[in-house]
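Chains as they are written, first to last, in our numbering: chain A, 675 to 906; chain B, 675 to 906.
Just so you know, not all the hints are guaranteed correct.
Listed next, the stretches of chain B that the computed footprint assigns to chain A, with coverage defined by at least 3 CB atoms under 8 Å from CB atoms of chain A [to be verified]:
| id | segment |
| --- | --- |
| 1 | 698-711 |
| 2 | 798-804 |
| 3 | 821-831 |
| 4 | 848-854 |
| 5 | 864-876 |
I should point out that these hints are in silico values taken from the structure, not numbers from a laboratory.
Every residue, glycine too, gets a C-beta built ideally from N, C-alpha and C.
2 protein chains.
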Amino acid sequence: MKSEKKSGRITVVTKILEANDRVAEENRRMFSEAGAYAIDLIGSPGAGKTMLLEATLPALAGLMRVGVIAGDIETTLDAQRISAFNVPVVQATTGAFGGACHLEASTVRQAADQLDLDCLDLVFIENVGNLVCPAEFDIGQGARVVVLSVTEGEDKPLKYPLAFSTADFVVINKADLLPYLDLDMDALRRNLRQVNPKLEWVELSARTGGGLDSWIGWIRDKMDAREGPAKR
Amino acid sequence: MKSEKKSGRITVVTKILEANDRVAEENRRMFSEAGAYAIDLIGSPGAGKTMLLEATLPALAGLMRVGVIAGDIETTLDAQRISAFNVPVVQATTGAFGGACHLEASTVRQAADQLDLDCLDLVFIENVGNLVCPAEFDIGQGARVVVLSVTEGEDKPLKYPLAFSTADFVVINKADLLPYLDLDMDALRRNLRQVNPKLEWVELSARTGGGLDSWIGWIRDKMDAREGPAKR
């Protein structure tokens, strides 16, 4: 698939990924030893990752102790929104260039160092809004969740297969808009299965809260099944 | 903003961009000499780039000769949709890795070589669905247009500033969904101006056709103002 011309560049990319994978494994150990489960949230700009957290954090309050790492290229807008929920939040801003389009394991490590992981059960890592690059980088998560808005169309699993094939779960968001769209939900479900036969998903609206229970249930099941020392 | 550790990588990235810029200038000359105006369409997955073309191509039929380069990571779904409109279309698939998240000038060149540019007045280059990486790469376009769906939220210009600061025009798409959203349109307009005071935009619905006239008008004005040999 690659041309000869590009082989030097491919080598550089491969080295970057190998270095990343080593740090990702360290992160995974760090999260596990602290008993903090890490969920990597990826999705297109505007898929509703932050609003999903805004709906999820109150639903988890009292059930578990949650922290958030909010990844962005620029601005601290998401971290500001999250901080209203009185959970520890760290903004990871990837800067103007060089790793801008996704979080890397080292960026997550730096952000996690600012959280007291021993006092957390769950860490949401909201990745940069991008359905391509974040899928290529392991950041040491326990699970990867793709947030997909119904407004994006039923063809997205086929067009961005890596995101969906590396995902453990999909939140199909903005279900309240379905009556106003031409989305073929059966085709979307079929496309999800085609790309990743093991994939589970839930259809919900972070805005209205409809369907949120299934998402909370999936998180709780994942938490119950996780490895690592019990905290309580 | 950059750490010392990353300087080697930054050098590689800089070299890639410099090489790209040289090919982009060649592309620009190629398009200009052929009298074919090139419009780079960028936007998030699901912003409606392909549907915008599906609405635009019939509106331009008889007015000018149009070709399309459809960029994607995987699949030829978009090119198939476009080919229904009886315009020359070339699929540029960026492959599984190494330049996957955006079109580069060299990819556009290879695709353009499959079009008879001398017989075209306008070439739409539909970039990979991604609001980050495509903004970093000049592909030799005459104009860059960001397609932004109203479902993505009013904060997007601030969070993805490079896309909007390098754009000549913004198509705010899916305006038919506005009654069902909490979007603050005034804030969106304000944010667009903040990032790029010269930016012009139009609000339309590619699905219903509402507002399409202003977009067609912008294209025709751009075509009238372009440099290069007159063809007719």
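Against the structure, the hints come out as follows:
| no. | hint | result |
| --- | --- | --- |
| 1 | 698-711 | violated (count 0) |
| 2 | 798-804 | holds (count 3) |
| 3 | 821-831 | holds (count 6) |
| 4 | 848-854 | holds (count 4) |
| 5 | 864-876 | violated (count 0) |
Violation of the numbered hints given earlier is confined to hints 1, 5; the remaining hints are satisfied by the structure.
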